[in-house]
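Q: Construct the complete structure from the given sequences, taking the supplied hints into account.
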Amino acid sequence: MSKTATAHEICELVNGSLEGDADFELTGINKIEEAGPGEISFLADQRYERFAASTQASCLLVDKKFKAASTASFALIRVNEPYRAFLTVARFFASGQQLPAGFRHPSAVIDAAADLADSVYVGAGVLIGANCSIAEDVILHPGAILYADVHIGAGSIIHGGVVCCEGTRIGQRCIINPGAVLGAEGFGFYEHKDGSFEKVPQTGRVVVGDDVEIGANTTIDRATMGATVIKNGVKIDNLVQVGHNASIGEHTGIVSQTGISGSTTVGRRNRIGGQVGMVGHISTADDVYIEAKSGIAKSIKESGKYFGAPAVAHSDHVKQIVALHQLPAILKEFRALQKTVHQLQRQAAENPSGTDGSAG
Amino acid sequence: MSKTATAHEICELVNGSLEGDADFELTGINKIEEAGPGEISFLADQRYERFAASTQASCLLVDKKFKAASTASFALIRVNEPYRAFLTVARFFASGQQLPAGFRHPSAVIDAAADLADSVYVGAGVLIGANCSIAEDVILHPGAILYADVHIGAGSIIHGGVVCCEGTRIGQRCIINPGAVLGAEGFGFYEHKDGSFEKVPQTGRVVVGDDVEIGANTTIDRATMGATVIKNGVKIDNLVQVGHNASIGEHTGIVSQTGISGSTTVGRRNRIGGQVGMVGHISTADDVYIEAKSGIAKSIKESGKYFGAPAVAHSDHVKQIVALHQLPAILKEFRALQKTVHQLQRQAAENPSGTDGSAG
Amino acid sequence: MSKTATAHEICELVNGSLEGDADFELTGINKIEEAGPGEISFLADQRYERFAASTQASCLLVDKKFKAASTASFALIRVNEPYRAFLTVARFFASGQQLPAGFRHPSAVIDAAADLADSVYVGAGVLIGANCSIAEDVILHPGAILYADVHIGAGSIIHGGVVCCEGTRIGQRCIINPGAVLGAEGFGFYEHKDGSFEKVPQTGRVVVGDDVEIGANTTIDRATMGATVIKNGVKIDNLVQVGHNASIGEHTGIVSQTGISGSTTVGRRNRIGGQVGMVGHISTADDVYIEAKSGIAKSIKESGKYFGAPAVAHSDHVKQIVALHQLPAILKEFRALQKTVHQLQRQAAENPSGTDGSAG
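Protein chains in written order, with the working numbering: chain E, 1 to 360; chain H, 1 to 360; chain C, 1 to 360.
There could be a bad hint or two in this list.
Because identical chains share one entry, a pair is satisfied inside a single copy or across any pair of copies.
[To be verified] Calculated cross-link-like contacts (lysine-lysine; reagent style DSSO-like; alpha-carbon spacing at most 27 Å): (1) K193 to K301; (2) K298 to K319; (3) K193 to K3; (4) K31 to K65; (5) K319 to K332; (6) K31 to K193; (7) K305 to K319.
Hint data in this document are derived by calculation from the structure and do not stem from the laboratory.
A: Structural data, given as structure tokens:
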């Protein structure tokens, strides 16, 4: 099911100018250091120019100023932004792996009360519960599990091993990666005086906007009441935890293994590094950047860069780290200084009032 | 399958006193700021009283002292503890979503040598291995996977994508959330001198007590020999790791993304925050509280609050954090003080024996 | 399906010398403190010798010097290395739980264009996509999910809930634990000026070598282009994240909940503790040891032990921790010292030039 295109066709696709054989058939895209004959690659970073001499690629996307060695055997497509052109070409080749629209694998279990658009692809072993509503062009990969009353918007892709619990809402053009769990029970308990727990019923749902990507084995809990909300354009990496009633603002990105506790509201366009932890019931402003491994213990009210556990302004934590690295040596100097001062003190004490003594 | 009740019926349920229309039909429970007509809500926290003026809820659970505005259109149910009453009402409405007892989806695979009580619910695509034993009222959600010889106690709920490996034992009234893995191979290797590993066979099992909740995509490894044990009343959040041969004491709660290494024994009623790490082969006392992101490198023998990596008494770590935050400024003061002292030293050196010189 | 052996047979297996009844039938292996009649145990660590007096085991693997109490009722098998002997015996008993070679559960979905060796075991509900190639003696546990074009080498074991996306390559004798995801979309986005993201197509794959073990719910992303590579003999624990285009060197071990970011290259025989984070596009040397919870922000060029976030030489971070623990007390001493110095300064100022004053 792979796609091919001539150098000329690719050149048109990226609005570039071609130097080389227009009819050459290109079969895929690859990194410059790994590309082989028939493949196209790109140069968007000077650090990779050293690979131009030895690449086996048949064609390169380069900027206007690139100078090829006279011995170079590859064709060139000159563009304004080679990286953007690469994205376009990569998307072209990736689109060759289309699954057949409207396919329903006979092993899939589709509840009679589920409503699927004609073009939905249903892979082997997919389970679709009652009252689910699946819009056009959705792809349900083998082994995806939808409980009852799950709605999925047009063009979204749900991977194998994903579990969407009752009531989950997913928007359009989302990708839910394998093993992600949407709508599990939130972690809410009433603590008795004897230290035992009583469950707080979790009757809410998860609501995911459009153009959201959720990573493999990431977990997003249903709300206690109401909804846990992932807004449009959010990108969440693998193994991330989002607690009940949390809300993640538009176009925010969250790197792997970060945890957002319950009822916390993350602002728009936040960039949250890996292994960050945020306590519950706080919020962040828009345009907040949080360094990996930070711990956020209270609300962040100003956009900016934060770091540390508990987090402070990024540059302040960097100073703390520098200071901590110096600290063992400084402590030795401090002990030495203490001795010096005590010696000075003794000397001063031996001459209790300095000049007075000499006045005799 | 949703449930309704009159205000009078709800009032009886929570042993309260009603002010308003006894026959009004209530259809669900929601947060005060999100509740709509027909819904009941509650006020258990002064911070939410500001929503009372604008709530669309038809009825509120409030304490004896609550004063409604004269314009308020909602009914009131006065109770001693509004939060406890909310739990009761939430449980009532949640119970409306019962799955039919005794249901066996035809796509489920139930080994001929498995033993299921009549009332067990078996969802689509559930896989039940040989010699499994499933007690009354257990719910197996779509896509749950039980290897051979798994025993599940009465009233437990196993969600989709859960994998229980051979020999797993689960008690009564447990909830195992989607994607949790019980009984995977423990991480045990014998290291050869050349740095390669030889597998230590993992032949034990996982044993879970009664009233345990295990989070989505959490992993609890089988013991090398014997059992990894999760005792009664333990609540474990999502994406938590419990290593082989670990033991978690009664009524302990563990927040998301925490890792308990192999052969570690956690005491009773511990409260372990998120992203905590505990090394292997240690233990904690009963009633230990560990702050999020802490690292526990040795046994904790006294109940109390701990914090830091490596963890110390909670208040000590807070002092360390405060001190660290001051450190960059202190280092500047320290350099200044050094200069001052050296100046004093030079001055003293210029007058080597103070008054002696003046004694001439 | 469990196995038994006489004490004599076990003794031959481990090349030991037997003291006791050669014909006694042994039924399994267990820890010395938990072993019951019929079971064999071992003593490889002096700390466990105290259990020898009370053990119910019928046989013990011990070293040449072990002295049993005169009242001991167990047989002894003396060996050079009791722990190695234990491994051998544990493997013997574990091998009793063989699944029948060549079994194909009727509920499994095997694409007509997949190629399975005769001896492959296919459990219930397994899904095998087109163009998969599964070699001899592979075990696919119930609920394993293979997308199209997945290749698995001889003798590997794929557990339930595992998802191998298109193109995944797995070597020989690997164990992929339940819920692990190989080949999900890498986390790669182009950021627009308005803060929204554009997906970078992820068209590469995951390539796993021989003798690799991958933990439950661990995620290994496909490469953007080319391959994410896990080399021979690597052991990865549960809930670990390996980003797109990362490479893990031979015989490296990675403990639970660690995250290796995209395009990072980990060397051979690294030992990486739990909850470690490594940024992307860096590398580590061979034989690097990284303490749990460390953060690796730049390449490590020398083998050795590292610790901290950001990590430094292990012993340096230990010194930093010791210093930090002292810091709150030191700050008090520092303030006291400042006072003393200022007092000395005042005294010196009152006698601006020491003996000069007294010269009058």
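Q: For this structure, which hints from the list above don't hold up?
A: Number 3 only.
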